[in-house]
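Please arrange chains Z, A and F on chain Y, whose structure you already have, making use of the hints.
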Amino acid sequence: MIKVLFFAQIRDQLGLSELQLPSAENNDLTTLLENLKLRDNNWLSVLSKGSLMVAVNQTMQADNVVLCSGDEVAFFPPVTGG
Amino acid sequence: MIKVLFFAQIRDQLGLSELQLPSAENNDLTTLLENLKLRDNNWLSVLSKGSLMVAVNQTMQADNVVLCSGDEVAFFPPVTGG
Amino acid sequence: MIRVQTEDFNQQREYDCLREQSSVGAVVTFTGLVRDMNQGEQVAGLTLEHYPGMTEKSLAQIVLQAKQRWNILACTLIHRVGELTLSEQIVFVGIATAHRKDAFAACEYIMDYLKTQAPFWKKECNSQGISYWVDARESDNSALDKWS
Amino acid sequence: MIRVQTEDFNQQREYDCLREQSSVGAVVTFTGLVRDMNQGEQVAGLTLEHYPGMTEKSLAQIVLQAKQRWNILACTLIHRVGELTLSEQIVFVGIATAHRKDAFAACEYIMDYLKTQAPFWKKECNSQGISYWVDARESDNSALDKWS
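Sequences listed follow chains Y, Z, A and F, in order. Numbering-wise, the first sequence is residues 23 to 104 according to this note's numbering. Numbering-wise, the second sequence is residues 23 to 104 according to this note's numbering. Numbering-wise, the third sequence is residues 1101 to 1248 according to this note's numbering. Numbering-wise, the fourth sequence is residues 1101 to 1248 according to this note's numbering.
Looking at chain Y on its own, in the form it has when it is part of the complex (with noise of 0.2 Å):
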């Protein structure tokens, strides 16, 4: 399984902070970040954000990695700490 966490605004408008995900049908991070987006039309529009920031494993991404089970997997808003 993945580990998908969701913070801040993001968890807000999804109104959830964790959920599990088969690595099977989530082997890459924009096959899983397309498979959430078709939820519903809430998920669609809060996860299409140009500003939505990423991270696997802890480490912000840019490009698409390949997932594997037990792979946490972090969807966020830019940060504003400071």
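You may find that some hints are simply not true.
[Said to hold, decoys possible] In the DSSO-like style, the derived pairs of lysine-lysine whose C-alpha atoms are separated by at most 30 Å in a straight line are: (1) F:Lys1157 to F:Lys1223; (2) A:Lys1246 to Y:Lys71; (3) F:Lys1201 to Y:Lys71; (4) A:Lys1246 to F:Lys1246; (5) Y:Lys25 to A:Lys1223; (6) F:Lys1223 to A:Lys1201; (7) F:Lys1201 to A:Lys1201; (8) A:Lys1246 to Y:Lys59; (9) A:Lys1167 to A:Lys1246; (10) F:Lys1201 to A:Lys1157.
Simulated from the structure, these hints should not be mistaken for lab results. Given the structure is predicted, the values throughout are model-derived calculations rather than measurements.
Below, chains Z, A and F without anything else, positioned relative to chain Y:
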């Protein structure tokens, strides 16, 4: 009279921290400096350094300025505070 | 030394640790505080959310990059999470070096990267008691240009 | 607030004054310390000479220029004179602003100008007890280029 001050290495090398000069014969900075250099070879050598800094009435000067009685002229090496 | 914590921190204590070595000639500190106005809103306080695990990892990476770039004798980075009220301390970056140029550059570099790379999110509360997520500032992204 | 003094100063006290206003979002401090090595010499201590009267005037001018250039909410500049031993504090510059960029820039600007314009001279004493005047560093002059 014009008050002339020397600081740090310049003072040590001249063996003098302060002197008074008549304003009539020292009516601008260049003339005053030339008059001091005429004192002896040590004064000539110490005051001929390219790095010599000059302040008139406690403001740094890069060019010649007119001097009047009561003015304060200071000669010192490049500053090294901070 | 990197810390992510709910507790406040003490400027003097952090400064004293930074200046301990006798080779230190310069200490630069940055402290970020909750200020009363942000993006046109009168701010009463804020909540700082983060991504535990990734936060520490990304801060360690930013500090490592700074250490590879400048001669740093000591470095402290503290970021608070949770609820903060007006004028409270949010973040501390302290750098000790032999020469001032390195200390200024490393301190600003760490803040610039933290602002765009470390997974913290601010939810502000305004004077009417309304909460809202803070928008990222474009100027924080363009601040990175000077380091490339 | 500008002070030229023989006494030591306290980082926390100066920092607390700087962050007093509720509009302050960023505080940057610089502290210069007597370090153990300088220009290849093992340093035991130093004496700071200055030009009384001109010192205060030149520091005030430098701070004024910084205030004309950046939005500064509070600024503190302290420079010590007299005898200092190893690891002692020499100079403090603290800047409070709304945004961090102004605080970093103003703090470094004040130090860069102080290093080349304010009439202080250091006489170091090495570990053999020999005293000598410190040479000005060419890098301090070239540091001014970034502000023009």
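Okay, the hints, checked on the actual structure:
Our distance criterion of 30 Å between C-alpha atoms is met by F:Lys1157 and F:Lys1223, whose separation comes to about 22 Å. Between A:Lys1246 and Y:Lys71, the direct Cα distance comes to roughly 27 Å. Compliance with the 30 Å bound is thereby established for this hinted pair. Distance hint between F:Lys1201 and Y:Lys71 is fulfilled; the C-alpha atoms sit about 29 Å from each other, no more than 30 Å. Taking the CA atoms of A:Lys1246 and F:Lys1246, the gap is near 13 Å; set against the 30 Å cutoff, the hint holds.
Between Y:Lys25 and A:Lys1223, the direct Cα distance comes to roughly 25 Å. Compliance with the 30 Å bound is thereby established for this hinted pair. Restraint check for F:Lys1223 and A:Lys1201: the C-alpha separation of about 22 Å stays at or below 30 Å, so the hint holds. The suggested pairing of F:Lys1201 with A:Lys1201 holds, with an alpha-carbon distance near 16 Å, which does not exceed 30 Å. A hinted pair counts as satisfied when its Cα atoms are at most 30 Å apart, and A:Lys1246 with Y:Lys59 does not qualify at roughly 37 Å.
At most 30 Å may separate the alpha-carbon atoms for a hinted pair to count; A:Lys1167 and A:Lys1246 meet this at roughly 17 Å. For a cut-off of 30 Å, the pair hint linking F:Lys1201 to A:Lys1157 stands: about 25 Å separates their Cα positions.
Hint violations for this structure: number 8 only, all remaining hints satisfied.
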